[in-house]
Every structure is written in structure tokens, then in C-alpha cells.
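Novice: Sequence:
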Amino acid sequence: MQMISGFVDTYLDLSPLEEIEFEEEIRKFSQPIQEGVMQITTSWMRQGLEQGLEQGIAQGLEQGIAQGLEQGITQGLEQGITQGLEREKVLVIRLLKRKFGDKSIDIDLEARIMALKIDVIERLGEEILDFSTVEDLVEWLKQLKPSK
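Mapping of the sequence shown onto my numbering: residues 1308 to 1455, in sequence order.
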């Protein structure tokens, strides 16, 4: 019986119609034979559940890893861009302090510069060369659109 069970488990793939026919044929057998066949079908179900669980876990892990990797890359890029922008702002402030003296750039002016967007910071980095005084910087900042 186990040999038949192994053979059927390995090679028998029934369609829904074939399953109905199979069950009808089983009902024709005596009770002990029916119980033996039911043990076979129970092992099919167990193996099917085990395989389904294994496949589900494998797919879940694969999807989780892919999603985690994508999120990690996105977050890493965002952090890198943010850190790069902050460093550029700090560099512009250091250049201004070096040009006009440490005490010439007060906290309020520094805060205004730190609030600027990247394209404005880049322009400011170039404009530093043309400023003669801190007042030139303040005037330049006043000329910006309110959106910064």
C-alpha cells in the first residue's frame, strides 16, 4: 500500500472532475480499503500544505528583501542628498565668515542662508566672489523670490 501511495503522490495530478470520479471509485471499495486510500489522500493534503507553506515563505522572503532593499536605497539617497545640501550650506557660511569676518554673519543671517534651496545656495556660492560687504549679501538675499 505504501508503494502505491508513493507512486500516486508522485505521479497523480487530478483535475476537479477526476477527483470526483476518484472519490466515487473509492466509495465502491470495502471499509478497510477506503481507510487506506484516505490515508493516502491525507498525505497528499499534508504534502500540498507543506509545499504551499514553503513556497509562500520563500516568496514572502524574496518580496520582503526586494522591498527592503528598494526602501533602503531610497532612504539612503534621500539622506545623502540632504546631508550634501547641509554641507554645501555650511561651506557657503564658512566662506562668507572668512571673507567678512566671523562676527559679521549673525545668527539670523545664518538661519536665512540655511533655509535656502539648493539652486539658490549654488548661486550664492558663486555670488560670494562679487560681494564687497555683508550688506551686498543682505541685499542679494532681499532680491530673492519669497519661495527661496
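Misleading hints may appear alongside valid ones.
Below 20 Å or equal to it, Euclidean Cα-Cα: the simulated PhoX-like pairs (lysine-lysine) are [claimed, not checked]:
#	residue 1	residue 2
1	1449	1424
2	1396	1424
3	1424	1452
4	1449	1396
5	1396	1410
6	1424	1410
7	1452	1396
With beta-carbon atoms standing in for the labels, derived distance ranges [claimed, not checked]:
#	residue 1	residue 2	range
8	1368	1451	44 to 52 Å
9	1452	1375	22 to 30 Å
10	1383	1436	27 to 35 Å
11	1383	1452	44 to 52 Å
For the record, the hints were derived by calculation from the structure and aren't laboratory data. Just so you know, these numbers come straight off a predicted model, no measurement behind them. Glycine residues also receive a C-beta, built at the ideal position from the N, C-alpha and C atoms.
Novice: Please go over all the hints and tell whether each is borne out by the structure.
Specialist: Verification of the hints:
1. Between residue 1449 and residue 1424, the direct Cα distance comes to roughly 15 Å. Compliance with the 20 Å bound is thereby established for this hinted pair.
2. Our distance criterion of 20 Å between C-alpha atoms is met by residue 1396 and residue 1424, whose separation comes to about 9 Å.
3. For the hint linking residue 1424 to residue 1452, the alpha-carbon distance of about 12 Å falls within 20 Å, and the restraint holds.
4. Simply put, residue 1449 and residue 1396 have alpha-carbon atoms about 18 Å apart, close enough for the 20 Å limit, and the pair holds.
5. For the suggested pair residue 1396 and residue 1410, the alpha carbons sit about 18 Å apart, so the restraint of at most 20 Å is met.
6. Restraint check for residue 1424 and residue 1410: not satisfied, since their Cα atoms lie roughly 24 Å apart, outside the 20 Å limit.
7. The suggested pairing of residue 1452 with residue 1396 holds, with an alpha-carbon distance near 18 Å, which does not exceed 20 Å.
8. The hinted range of 44 to 52 Å is satisfied by residue 1368 and residue 1451, whose Cβ atoms lie roughly 51 Å apart.
9. Between residue 1452 and residue 1375 the beta carbons are some 40 Å apart, a value that contradicts the proposed interval 22 to 30 Å.
10. Distance hint for residue 1383 and residue 1436: a CB-CB separation of about 34 Å, consistent with the stated range 27 to 35 Å.
11. Between residue 1383 and residue 1452, the C-beta spacing of about 32 Å breaks the proposed range 44 to 52 Å.
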